[in-house]
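Given only the sequences and the hints, what does the whole structure look like? Please build it.
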Amino acid sequence: MAETRPSSPPRKPSRRIGDPGAMKDFFANLRSAPQAFQDSLLRHGKPTSDRAKSQAIFTNFFLHLLPVRTHLHSIKAATTLGLGVATLVLFLLLCITGILLMIYYKPSIDQAYDSMLDIANVVPTGRLIRNVHRWAAHGMVVCVILHMARAFYTAAYKRPRQFNWVVGMVLFVLTLGLSFTGYLLPWDQLAFWAVTIGANIAQSPREVTDALGITSYFDLGGLQKELLLGAHEVGQEALIRFYVLHVMVLPILAAVFLGIHFWRIRKDGGLARPSSADALPPLLPAPSSPAPLKTWGLMGVMKGRTAAVNLELANTITTWPNVMYVIGAATMVTTLLMIVLGTIYDAPLKESANPAVPENPAKAPWYFLGLQELVSYSAFMGGVGIPTIVILGLALVPYLDREKEDIGIWFSGRKGRLVALASAVLAAVVVTGLLWFTVTYGWLRNWPATSQLPQIVITLVNPGTALVLCFALWSIAVVKTTNSTRMGAIALFTCFLIGFVILTYFATVHRGPNWQFYWSMSDWPEH
Amino acid sequence: MDESDELFASERFQPPRTRRDFLGLAAAWSAICSFVMALIGSMRLPMPSVFPESNSKVKLGLPKRFDVGSSTFFPQHHLWLFRSELGFYALSSVCTHLGCIAERTADGKFSCPCHGSKFDERGRVQGGPAPRGLVWIELGISPEGQLVADKLKEVPAETIFKV
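Line by line, the protein sequences are chains B and Y. The letter at position 80 of the first sequence is residue 79 when you use the numbering used here, and the numbering goes up by one with no holes. Convert by adding 554 to the 1-based position in the second sequence; the result is the number in the numbering used here.
Keep in mind the hints are simulated off the structure, nothing from the lab. Among the hints, erroneous ones may be present.
Taking lysine to any residue pairs in the SDA-like style, the calculated list, with each CA pair at most 25 Å apart, reads [as the list claims (entries may be wrong)]:
| no. | chain 1 | residue 1 | chain 2 | residue 2 |
| --- | --- | --- | --- | --- |
| 1 | Y | K618 | Y | E607 |
| 2 | B | K266 | B | K349 |
| 3 | Y | K611 | B | L222 |
| 4 | Y | K663 | B | A448 |
| 5 | Y | K672 | B | T437 |
| 6 | B | K362 | Y | S696 |
| 7 | B | K362 | B | T439 |
| 8 | Y | K663 | B | V356 |
| 9 | Y | K672 | B | F436 |
| 10 | B | K105 | Y | E607 |
| 11 | B | K362 | Y | G641 |
| 12 | Y | K707 | B | T208 |
| 13 | Y | K611 | B | G221 |
| 14 | Y | K672 | B | W523 |
| 15 | Y | K611 | B | T214 |
| 16 | Y | K707 | B | T214 |
| 17 | Y | K672 | B | F57 |
| 18 | B | K45 | B | F57 |
| 19 | Y | K672 | B | G212 |
| 20 | Y | K672 | B | K105 |
| 21 | B | K349 | Y | Q630 |
| 22 | B | K362 | Y | K613 |
| 23 | Y | K611 | B | L226 |
| 24 | B | K362 | Y | P629 |
| 25 | Y | K611 | Y | M597 |
| 26 | Y | K707 | B | V356 |
| 27 | Y | K707 | B | A230 |
| 28 | B | K362 | Y | E698 |
| 29 | Y | K716 | Y | F605 |
| 30 | Y | K613 | B | V356 |
| 31 | Y | K672 | B | T208 |
| 32 | B | K362 | Y | H631 |
Predicted, not measured: the structure shown is a model, and the values here were computed from it.
Next up, the structure:
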């Protein structure tokens, strides 16, 4: 029988009962079933032609968010450093290991700690899975911060990507929320006291409402703490709430915002790139002169008057397989790193939570330690006021700095590098100086003349607010001197980044029992 | 007549909303408002009306157990009970900064291990970030004559309970 094209359905030979043709077909179909299934799964041939490579991307549910062709600039290592992909990989690793941990973890104050011991000592691979979960959580915070710094320094927040920067800030807050809610679940001493402190930070707006004398009418702090803990102290109610937030609410929110984040990348024209990256090789003849009367633009083919069709493809490559290699490499490196770290270093587990005796020092996870240093000056300013100012300030950056300039260039060129360097040095000097001053001489409460000042003064005037004020003034000075809001933004961002790093280091290494200064952990008193 | 013509001709003039626009907007905003209100209303659920530790009264023992000038710590209640010549008073050892348990040092003062807040013998702030002094707890007497402290009830500082 001659081959027929699919457009004209093959004429079926009429069969009589007892004719072996149908059985023959059946066995032939059975033999070729795997191939037929594969054809229905991947509705294109081997990705050898550009067309099939495009189909490999846009007929795939998981890949269709990617463009079929990618700009060469986007897959350069220096463009993103792979940080966005690494963050996504860590999020997925956290989902997988998290679900595995949920199989054995019991969110009850009587059983939580025991189930942690089981996971660490009895459950097959339990210790490794928990370690990887812990390391991936730390890694995700690191990657999110570095990813944010990358997007900021390459001016990727500028039009048309302003809104995606804001989505990124939401994801940053969600990441910290996920880390913080996960901190309570082991129900050990560290967890209990860190969350007690965290819940009281949520209550700290009382510091202000008390000072204003309006707490009995409007108790925002108390409301927040009650919502978070469902009680006056950290207990069963708090544990189940944190569990629900950690395994349901925050991951779902994060997944939704991740989806928006990726979708916006595509809709906003891919990764930010400088206009120089779009320079075309001089392949095509210059438009004929005098210009033709008929233009291609009129025919809706191209803008302009020449038949320079498909010019925008000049600096691009097919996403399949080139970008797949890059994403695959970033995924494998990230996963490997997590497994290696999880194999070598165990996630800490202290003794079971004891509400009667606080851990001394009771340290929050490292990324909150900078804030904890500020909290030791004023609970409200360090825990609520300054973080809110920083997050809002960061979210507003694209709306305050709207200078039209080339994007995708690190530090926006030489001037920006100088501003960043100067700001880093200034921030390092100011933060270190202020810490030295506070450790050596104390602050208002420690001086006889000012020891009885009202609390509102302590809240408003402390090393934390002094730092923020200093950074803000410096940025305004930079805006004035350079006559550029972008330079001011670089100055402010660098100051906060360096401040965050130094405060985190200081609180991690140099704060010991009673939150006193020690040169190293070996100097801590025995107790 | 001329004036109104000019007004309609000017660029800034916007034609009045039609009735259909108005009804459409009203419907949209009503829907949004009712949805937001429902969301806020559903947030009432996580606000507990009964607290798990709502029975905050704890018995501390018969008053005669405590000598004049004594100080007793109840670790599970985070509570210091003092008896002076004038009567009893109780201080919560929960730091008013961020809820750690302040320790009582040898000289009778309090110091918090978490962020270095310091309080004197009567709970007044001496240093550190604490926004206010330690909480004075309400004391009472139970029907069988035991001292009772209500951990969630605060009394003004220097309130002495006489038995």
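How the hints compare with the structure:
1. Y:K618 with Y:E607: Answer violated: Y:K618 to Y:E607 is near 28 Å, above 25 Å.
2. B:K266 with B:K349: violated (47 Å)
3. Y:K611 with B:L222: holds (23 Å)
4. Y:K663 with B:A448: Roughly 21 Å separates the two Cα atoms, so the pair holds.
5. Y:K672 with B:T437: Holds. Y:K672 to B:T437 sits at ~16 Å (cutoff 25 Å).
6. B:K362 with Y:S696: violated (40 Å)
7. B:K362 with B:T439: holds (22 Å)
8. Y:K663 with B:V356: holds (18 Å)
9. Y:K672 with B:F436: The given pair, whose Cα atoms are some 20 Å apart, holds under the 25 Å limit.
10. B:K105 with Y:E607: holds (22 Å)
11. B:K362 with Y:G641: At roughly 39 Å apart (the allowed maximum being 25 Å), Y:G641 and B:K362 break the hint.
12. Y:K707 with B:T208: holds (19 Å)
13. Y:K611 with B:G221: Satisfied, since the Cα-Cα distance of roughly 21 Å is no more than 25 Å.
14. Y:K672 with B:W523: holds (20 Å)
15. Y:K611 with B:T214: Given pair Y:K611, B:T214 holds - Cα atoms ~24 Å apart, limit 25 Å.
16. Y:K707 with B:T214: holds (16 Å)
17. Y:K672 with B:F57: violated (65 Å)
18. B:K45 with B:F57: Judged against 25 Å, a Cα distance of about 14 Å means the pair holds.
19. Y:K672 with B:G212: At roughly 24 Å apart (the allowed maximum being 25 Å), B:G212 and Y:K672 satisfy the hint.
20. Y:K672 with B:K105: violated (38 Å)
21. B:K349 with Y:Q630: holds (20 Å)
22. B:K362 with Y:K613: The hint is violated at about 34 Å.
23. Y:K611 with B:L226: Given pair Y:K611, B:L226 holds - Cα atoms ~23 Å apart, limit 25 Å.
24. B:K362 with Y:P629: holds (22 Å)
25. Y:K611 with Y:M597: violated (29 Å)
26. Y:K707 with B:V356: Holds, at roughly 22 Å.
27. Y:K707 with B:A230: holds (15 Å)
28. B:K362 with Y:E698: violated (44 Å)
29. Y:K716 with Y:F605: violated (30 Å)
30. Y:K613 with B:V356: This hinted pair holds, its Cα atoms lying about 21 Å apart.
31. Y:K672 with B:T208: holds (22 Å)
32. B:K362 with Y:H631: holds (23 Å)
Checked against the numbered hints above, the structure breaks hints 1, 2, 6, 11, 17, 20, 22, 25, 28, 29 and satisfies the rest.
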